[in-house]
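Could you put the whole structure together from the sequences, leaning on the hints where they help?
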Amino acid sequence: MEDGERFVPEETPVAFSYAGSTHAVMMATPADLEDFATGFSLTEGIIAGLGEIEAIEVVAEDKGIDLQIRLADASNDALVARRRHMAGPVGCGLCGIESIEQAVRVTPSVRSSALTLSEDEIVEAVHLLNGGQPLHRTTRAVHGAGFYVPGKGLVAVREDVGRHNALDKLVGAARRAGHDGGAGAVIVTSRVSVEMVQKTAIVGSPFIIAISAPTALAIRTAEEAGMTLVALVRGDEFEIFTGAGRIASGARRKVGSG
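The opening residue of the sequence shown carries number 615 in the working numbering; numbering runs sequentially from there.
Take these hints with a grain of salt, some might be off.
[Claimed, not checked] Simulated restraints, written as ranges between beta carbons of each label pair:
1. Val769 with Ala728: 31 to 41 Å
2. Asp676 with Val622: 18 to 28 Å
3. Ser863 with Gly618: 45 to 55 Å
Because the hints were derived from the structure by calculation, they are not lab data. Backbone N, C-alpha and C define an ideal beta-carbon position, used for all residues, glycine too.
Here's what the structure looks like:
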């Protein structure tokens, strides 16, 4: 056995605070924190647009980071009312959820997007993401999420120890940079759970493309939202689970309906 060195990623508690009250705490990589605050606020339905955030302050504390997010008055009042409604007994074991129906929220439709991708563009997008993750290249221990626009390549990439965090950071980065969600595809290095599909729909993208496999609920949710779900991308091979009509030149391997 030989001594050696290895780079590992940092992981720290990151709190999301609105009007002085902590809403949630995530274990996350302490980078791209304003993107994280913005993306989390969007994907959790706390805000509908960037104009509802008046300021974000990153406050370093002894054992973590507090993201203090100041909302416009109307948005803050809505959040306070939401918290008041959430208070009390929980019926199914999820914080703030009173029924199973509430646990699976409505996913926005992305059917109106005219975006299509070729088979080669799908392969290119994943290849670019694989090469565009400096933290993963160094540590082999984080997830990545990228936004691919045909003709432009990856216009944003974010990394985090948590796959949901990486996607939230990407959503925030894409929105803050002014990218039209319907004009590009979300690429992720992780498996595709229903939350990943929901976050992709919230940013407005009709494509989620993943290196790993999807869950059954993720497939059903993507189908209902009119989203194309491509997964298990390996080299130039991939599987299409929903929305094959958005892919030019046919499907290399189609699984399920779509």
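Do the hints match the structure? See the list:
1. Val769 with Ala728: 31 to 41 Å: violated (18 Å)
2. Asp676 with Val622: 18 to 28 Å: holds (21 Å)
3. Ser863 with Gly618: 45 to 55 Å: Given about 47 Å between the Cβ atoms, the range holds.
In terms of the numbered hints stated before, the structure departs from hint 1 and from no other.
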